Amino acid sequence: MTAPELDHTRPMAPQEAVPGPMGGVLEGVDVSCWFGSRKVLEGVNIKMDAGVVTALIGPSGCGKSTFLRTLNRMHELVPIATLAGSVLLDGHDIYGVGLRLTEVRRRIGMVFQKPNPFPAMTIADNVAAGLKLTGKKVADRDGLIEASLRRAGLWNEVRNRLDAPAGGLSGGQQQRLCIARSLAVSPDVLLMDEPCSALDPTSTRRIEETILELKDQVTIVIVTHNMQQAQRVSQHCAFFLAAENEPGRVIEQGPTDRLFSDPNDPRTADYVNGRFG
Amino acid sequence: MQTTDPQGSVPSDVPEPPPHADEPRKLEARLTDADRVYRAVVSSGAAATLLLITLIGVFLLIGAWPALKEAGFSFLTEKVWTPDGQPPRFGVAAMMFGTFVSAVVAMAITVPVAVCTSLFINEYAPRAVRRSLTSLVDLMAAIPSLIFAIWGLFFLVPALAPIEDWVVAQFGGWLPLAEASATGGSLFNAGLIVACMTIPITTSIIREVLAQAPRHECEGALALGGTRWGMITSVVLPFGKGGIIGGSMLGLGRALGETLAATLILSIAFEIKPRILENGGITVASGIAIEFRDAKEMGLSALMAAGLALFIVTFAINFLAAMVVSRSRSGAST
Ligand SMILES: Nc1ncnc2c1ncn2[C@@H]1O[C@H](COP(=O)(O)OP(=O)(O)O)[C@@H](O)[C@H]1O
Ligand SMILES: [Mg+2]
Chain D
1 MTAPELDHTR PMAPQEAVPG PMGGVLEGVD VSCWFGSRKV LEGVNIKMDA GVVTALIGPS
61 GCGKSTFLRT LNRMHELVPI ATLAGSVLLD GHDIYGVGLR LTEVRRRIGM VFQKPNPFPA
121 MTIADNVAAG LKLTGKKVAD RDGLIEASLR RAGLWNEVRN RLDAPAGGLS GGQQQRLCIA
181 RSLAVSPDVL LMDEPCSALD PTSTRRIEET ILELKDQVTI VIVTHNMQQA QRVSQHCAFF
241 LAAENEPGRV IEQGPTDRLF SDPNDPRTAD YVNGRFG
Chain U
1001 MQTTDPQGSV PSDVPEPPPH ADEPRKLEAR LTDADRVYRA VVSSGAAATL LLITLIGVFL
1061 LIGAWPALKE AGFSFLTEKV WTPDGQPPRF GVAAMMFGTF VSAVVAMAIT VPVAVCTSLF
1121 INEYAPRAVR RSLTSLVDLM AAIPSLIFAI WGLFFLVPAL APIEDWVVAQ FGGWLPLAEA
1181 SATGGSLFNA GLIVACMTIP ITTSIIREVL AQAPRHECEG ALALGGTRWG MITSVVLPFG
1241 KGGIIGGSML GLGRALGETL AATLILSIAF EIKPRILENG GITVASGIAI EFRDAKEMGL
1301 SALMAAGLAL FIVTFAINFL AAMVVSRSRS GAST
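Sequence lines, in order, name chains D and U. Residue numbering for the first sequence follows our numbering, beginning at 1 and increasing consecutively. Residue numbering for the second sequence follows our numbering, beginning at 1001 and increasing consecutively.
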């Protein structure tokens, strides 16, 4: 699959609040990470194509979250964290001088493991929070809120209580609210770090449906511990593993079907068949 | 110490309602002995505090009674303070006015400075200096107010004199607030010195509370493309609202009762005027400290009444603050 050429110099028109037909192409090149002097990730190369859901799998502590956080420059929020390599968004290094940090984070959104809506804000304000944070003006704020909530599959549940505080929603609803909040700033890429690990099966299914509906509009990268989930939602899959006292590495990656049905590496086979991790 | 158990862990004679009754069931839990001892200790501590406050209030009320009877309602409206004169004339109006003006000036300076300092230390200062800045603020909170008052009297007020004179010259003509015949011993300067005393403790509390802002919500704001300032306004400050109010109220409590600064700085004058930069003013606390020495019978009682008034005001403000704080998320941690 080839990535479409996107012209990133054009200004955002208001109606573009609902983003274009395709997300961006994200590529990690030789990414290594340290916390202090401890190297936790080594030489990761993954290309996350537009229109494709990429799943990152592997046992706990092998550096999946760390890698994900290098993809939108959240990694550097940890004071002792450092990294090497580069991350390209449509060919431009997000760590380069050409892209502003806030712009990188707006274009590469993130949904966290623990739902983190702003609890004191109303549901509507939560969805629109990113607009305020990025200083963006939209002509049709209500329309954008509705569209974002619809895309996150939450509209029907909250349409009558948009002015209620977000803290009153269930965990699954809060997580979808966070997805809506990320979508409202029209990102090219959406990173999800175990978005369902704190949720019940029904909420999990709703979010998986949402992911499948979004995948043609936004490039999605999802970390998951759930093998079935990886198979249900992703088309590309990368298996991370860290040997004892060694940094995490990508052991194997490829089309999800192939990785699960016919893994090349015995460690991958063991992991996807639930023999460890 | 014997405490009666309101829950009545002793079986009562009242028959229990049948479990299927369609009404909320009364829930009881048998306390262990350790729990009971703990509860006794804790509640007697709380009771002692309440008792102390009540005793102070009663003591003030008894002492103030002759003066209150003499002055009646005019105690609240009278500015003059000649309780030992013939006939006695006195009231808290001027003192209360001065107390409020200096406290408002102090808080108007303290709160923004404290919030900005806290945000700087928590969010912007390099990690290497964060810890030393924090201890510096805590250390300042421990400096006796006498030091601040003397420093204010001999350094800050003279240093500010040219600026204040300039403001008076520029704006005095048309802005009553800035009018003054002479500057230096003004309520504004008193409030300024009080601010120096309240800033450290207020900053210390506010910084502590703002540092508790949930990290994952802060990350959520940053991940949307927000700047650090955006994160502060959308997460940190809303979270810390209760703590900011709580810390400010603690500062305000100190400002209302602050005696030294006003006693040393103010040129005493029992008057009510909008000219806060002008010499002359009085606060309840400094009034009590100054008038106390020469007070005769009615004078003492009148000072008690002034003290009672301050006591009630402080109490009411703290009560209001507690209500605001308890409704906010960070309130629990103040
Ligand atoms: N903030 C941090 N400070 C120090 N070490 C960390 C931090 N976050 C993660 N690590 C370490 O980095 C390694 C990878 O962690 P992580 O990326 O969270 O793994 P995963 O998401 O795959 O479970 C772990 O060994 C973890 O202990
Ligand atoms: Mg993780």
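Hints were generated in silico from the structure; no laboratory data involved. Keep in mind that a hint or two might mislead.
[As the list claims (entries may be wrong)] Derived SDA-like pairs (lysine to any residue); straight-line CA-CA distance at most 20 Å: (1) D/Lys137 with U/Thr1233; (2) D/Lys137 with U/Gly1230; (3) D/Lys132 with U/Pro1238; (4) D/Lys136 with U/Arg1215; (5) U/Lys1241 with D/Gln231; (6) D/Lys114 with U/Lys1241; (7) D/Lys114 with U/Arg1215; (8) D/Lys132 with U/Glu1164; (9) D/Lys132 with U/Leu1237; (10) D/Lys136 with U/Ile1290.
Remember, predicted model here, so these are calculated numbers, not experimental data.
Comparing the hints with the structure gives:
1. The straight-line distance between the Cα atoms of D/Lys137 and U/Thr1233 is roughly 18 Å, inside the 20 Å bound, and the hint therefore holds.
2. For the hint linking D/Lys137 to U/Gly1230, the alpha-carbon distance of about 15 Å falls within 20 Å, and the restraint holds.
3. Restraint check: the Cα-Cα separation between D/Lys132 and U/Pro1238 comes to about 15 Å, which is no more than 20 Å; the hinted pair holds.
4. With a C-alpha separation of about 24 Å, the suggested pairing of D/Lys136 with U/Arg1215 is violated against the 20 Å cut-off.
5. The straight-line distance between the Cα atoms of U/Lys1241 and D/Gln231 is roughly 45 Å, outside the 20 Å bound, and the hint therefore fails.
6. Taking the CA atoms of D/Lys114 and U/Lys1241, the gap is near 24 Å; set against the 20 Å cutoff, the hint is violated.
7. With a CA separation close to 11 Å, the supplied pair D/Lys114 and U/Arg1215 stays within the 20 Å bound.
8. Taking the CA atoms of D/Lys132 and U/Glu1164, the gap is about 40 Å. The hint is violated against a cut of 20 Å.
9. Proposed proximity of D/Lys132 and U/Leu1237 is supported: the alpha carbons are some 15 Å apart, at most 20 Å.
10. Straight-line distance between C-alpha atoms of D/Lys136 and U/Ile1290 comes to about 59 Å, which puts the hinted pair past the 20 Å bound.
Violation of the numbered hints given earlier is confined to hints 4, 5, 6, 8, 10; the remaining hints are satisfied by the structure.
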